[in-house]
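As they're listed, the protein sequences go chains A and B. If you read the first sequence in this note's numbering, its first letter stands for residue 1, the second for the next number, and so on. If you read the second sequence in this note's numbering, its first letter stands for residue 478, the second for the next number, and so on.
Do not rely on the hints blindly, as some may be mistaken.
To be verified - Pairs of lysine to aspartate or glutamate, EDC-like flavour, derived with a Cα cap of 20 Å:
1. A:Lys-113 x A:Glu-87
2. A:Lys-391 x B:Asp-559
3. A:Lys-328 x B:Glu-561
4. A:Lys-233 x B:Glu-541
5. A:Lys-328 x B:Asp-559
6. A:Lys-334 x B:Glu-560
7. B:Lys-482 x A:Glu-354
8. B:Lys-536 x A:Asp-242
9. A:Lys-380 x B:Glu-513
10. B:Lys-501 x A:Asp-341
11. A:Lys-100 x B:Glu-560
12. A:Lys-414 x B:Glu-527
13. A:Lys-391 x B:Glu-524
14. B:Lys-501 x A:Asp-34
15. A:Lys-414 x B:Asp-510
16. A:Lys-380 x B:Glu-560
17. B:Lys-569 x A:Asp-341
18. A:Lys-235 x B:Glu-541
Keep in mind that the hints were calculated from the coordinates and are not lab data.
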Amino acid sequence: MTLNTKTAHELHARLQSGEIKATELVNSVFQTIDQKDNDIKAYLSLRREKAIAEAEAIDLNIQKGEKLSPLEGIPIAVKDNICIQGEVTTCASKFLENFKSSYNATVIDRLRKAGMIIIGKTNMDEFAMGSSTENSAYQVTRNPRDTATVPGGSSGGSAAAVAADEAIVALGSDTGGSIRQPASFCGVVGMKPTYGRVSRYGLVAFASSLDQIGPLTKDVRDTAELLNVICGKDKMDSTSVDLPIPDFTKALNQDIQGLKIGVPKELIGEGVDEEVKNSVLSALDQLKQQGAEWAEISLPSFDKALSTYYIIAPAEASANLARYDGVKYGYRSKQAPTLRDMYFNTRSEGFGMEVKRRILIGTYVLSAGYYDAYYLKAQKARTLILNDFQKAFESYDVIISPTAPTTAFKVGEKTSDPLQMYMSDFATIPVNMAGLPAISIPCNISRGLPVGLQIIGKPFDEETVLKVAYSYEQGTK
Amino acid sequence: MVISKTDVEHIARLANLAVSEEEKELLTKQLDDIFEYASELNKLDTEGIEPTAHAIPQKTPFREDVVDPFPNRQQLINNAPDEENGFFAVPKM
Chain A
1 MTLNTKTAHE
11 LHARLQSGEI
21 KATELVNSVF
31 QTIDQKDNDI
41 KAYLSLRREK
51 AIAEAEAIDL
61 NIQKGEKLSP
71 LEGIPIAVKD
81 NICIQGEVTT
91 CASKFLENFK
101 SSYNATVIDR
111 LRKAGMIIIG
121 KTNMDEFAMG
131 SSTENSAYQV
141 TRNPRDTATV
151 PGGSSGGSAA
161 AVAADEAIVA
171 LGSDTGGSIR
181 QPASFCGVVG
191 MKPTYGRVSR
201 YGLVAFASSL
211 DQIGPLTKDV
221 RDTAELLNVI
231 CGKDKMDSTS
241 VDLPIPDFTK
251 ALNQDIQGLK
261 IGVPKELIGE
271 GVDEEVKNSV
281 LSALDQLKQQ
291 GAEWAEISLP
301 SFDKALSTYY
311 IIAPAEASAN
321 LARYDGVKYG
331 YRSKQAPTLR
341 DMYFNTRSEG
351 FGMEVKRRIL
361 IGTYVLSAGY
371 YDAYYLKAQK
381 ARTLILNDFQ
391 KAFESYDVII
401 SPTAPTTAFK
411 VGEKTSDPLQ
421 MYMSDFATIP
431 VNMAGLPAIS
441 IPCNISRGLP
451 VGLQIIGKPF
461 DEETVLKVAY
471 SYEQGTK
Chain B
478 MVISKTDVEH
488 IARLANLAVS
498 EEEKELLTKQ
508 LDDIFEYASE
518 LNKLDTEGIE
528 PTAHAIPQKT
538 PFREDVVDPF
548 PNRQQLINNA
558 PDEENGFFAV
568 PKM
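Can you build the whole structure from these sequences, using the hints too?
This is the structure:
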């Protein structure tokens with residue numbers, strides 16, 4: 001039974017015609033999970049009974065002759081920092097080991113309304129802090145392409161699930177590259193929409209000015225379909241934008257004649273693996289053959305983007321994680337004779353090292369005497385990054401770069417040097433700083449491991465990003 | 478050296494985090510490396526540049542002052558590590 005190896009759009013027609021049943025599809029996914037997940041460890045929890053019941057209900061509707069919406073009956077994996085009412089959301093932290101959310105994230109309501117079947121919650125770096133999924137307090141997810149390597153992070157579980165056909169599509173979240181980089185490492189498609197396109201209500205907050213939820217899928221069409229489901233203004237998230245949602249699938253054509261591509265030399269130079277660089281250059285050649293033009297550009301602020309991010313994101317995280325205090329929910333230390341002891345011990349016992357590190361960085365840069373030198377300075381650097389992008393987009397339609405400087409590294413390879421780990425995000429970070437939409441699509445295999453191509457668009461111009469991605473994908477089939 | 482052990486102790490206190498002696502050693506080195514790297518920002522010319530808090534412009538979201546009660550108070554109470562009559566119980570100060 002290989003139904004789970006298909007894309008959502010391939011499955012849709014067969015579900016509608018009754019050729020396959022939703023229950024067959026769901027069972028096919030669970031069978032694969034049973035076979036593979038002891039090794040891959042993509043999932044933290046499964047919703048077996050609920051998923052099957054939901055599939056049965058959809059099968060009944062199909063029998064009654066109801067018309068299916070495009071993703072109805074499609075099994076989806078959800079990153080474990082997105083809340084489902086009455087079910088456990090751990091954020092891969094011991095702190096939230098038994099935490100049951102009291103409400104659905106808005107994206108969950110949207111998935112429900114679209115008839116999607118949530119298979120389970122996927123593994124991640126704790127509180128979304130990491131680039132390899134090795135910071136999970138529970139398990140290390142393995143890259144299905146080579147299980148000695150990491151799937152990337154922090155949405156490693158979601159990327160691995162899609163790559164291993166343990167889900168047809170998945171949701172992840174992206175703050176500094178956490179959808180795109182794992183997509184790149186696992187050889188799947190991953191997109192971060194423009195900041196404000198997708199509601200963050202029910203997404204456990206890491207850095208509020210950077211976080212966005214987005215799709216991980218096997219091809220560009222499925223990403224467009226999933227974007228249609230999850231995007232939209234939400235009164236519960238005041239940072240969500242009130243803009244009409246186009247039908248993103250209408251952008252899927254190969255009409256890129258005359259399209260102008262800018263390639264920042266800062267993202268394709270030192271520090272980027274030679275084969276990754278060559279893969280991107282080949283991809284640009286392919287796009288040129290399809291009618292686009294490309295040129296090397298310089299975005300000088302990008303040299304400082306990593307430093308800027310590793311001041312701003314931890315600062316926001318230190319504020320967002322202040323709520324984990326043992327008072328109202330989650331872990332509470334048994335060593336708590338006084339209130340102060342409770343706070344200190346709860347937080348120290350509940351958080352992993354990377355989370356502590358980032359809280360400390362964030363607290364320091366916001367503290368009296370250092371705020372101006374670090375946080376304020378970083379906010380100004382952020383303006384320079386925004387300005388560089390704005391200027392580039394006056395002459396170019398999209399910006400292309402490698403998604404990551406390397407292919408997937410080995411488990412344990414970078415865990416002893418946090419700064420080395422942070423370098424994985426150097427090409428994805430500027431995108432979050434500017435709130436732009438960006439996709440990672442597979443463009444090559446290097447020494448057996450996938451290479452990802454990143455395509456960045458103007459604010460709210462997911463359509464052009466999708467068009468370029470689709471053109472490349474179809475042109476290299 | 479940009480970050481000292483005393484700095485780590487001070488920040489940890491501010492952040493309500495207890496750090497063991499071992500962790501302190503490790504964190505001092507790691508944070509020092511990170512801030513050493515981040516101090517490259519000092520070389521950036523930001524004369525006359527305004528700080529950005531939001532990449533996509535934000536405005537204050539107004540709505541009618543109408544109470545919309547949260548429908549699942551029970552789950553909030555169930556989540557409490559220690560609860561008494563609908564209050565969250567905590568140790569004495």
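Hints versus structure:
1. A:Lys-113 x A:Glu-87: 18 Å, holds
2. A:Lys-391 x B:Asp-559: 55 Å, violated
3. A:Lys-328 x B:Glu-561: 12 Å, holds
4. A:Lys-233 x B:Glu-541: With Cα atoms ~18 Å apart, Lys-233 (chain A) and Glu-541 (chain B) stay inside 20 Å; holds.
5. A:Lys-328 x B:Asp-559: Measuring from Cα to Cα gives roughly 8 Å; hence the hint holds.
6. A:Lys-334 x B:Glu-560: 15 Å, holds
7. B:Lys-482 x A:Glu-354: Distance of about 18 Å is within 20 Å: holds.
8. B:Lys-536 x A:Asp-242: With a Cα-Cα distance of about 12 Å, the restraint between Lys-536 (chain B) and Asp-242 (chain A) holds, given a limit of 20 Å.
9. A:Lys-380 x B:Glu-513: 19 Å, holds
10. B:Lys-501 x A:Asp-341: 18 Å, holds
11. A:Lys-100 x B:Glu-560: Given that 20 Å is the threshold and the Cα spacing comes to 16 Å, the pair holds.
12. A:Lys-414 x B:Glu-527: Violated. Lys-414 (chain A) to Glu-527 (chain B) sits at ~36 Å, over the 20 Å cutoff.
13. A:Lys-391 x B:Glu-524: This hinted pair holds, its Cα atoms lying about 19 Å apart.
14. B:Lys-501 x A:Asp-34: Measuring from Cα to Cα gives roughly 42 Å; hence the hint is violated.
15. A:Lys-414 x B:Asp-510: 15 Å, holds
16. A:Lys-380 x B:Glu-560: Distance ~45 Å between Lys-380 (chain A) and Glu-560 (chain B) Cα, so the pair is violated.
17. B:Lys-569 x A:Asp-341: Satisfied, since the Cα-Cα distance of roughly 10 Å is no more than 20 Å.
18. A:Lys-235 x B:Glu-541: Holds, because 12 Å separates the two Cα atoms, which is no more than 20 Å.
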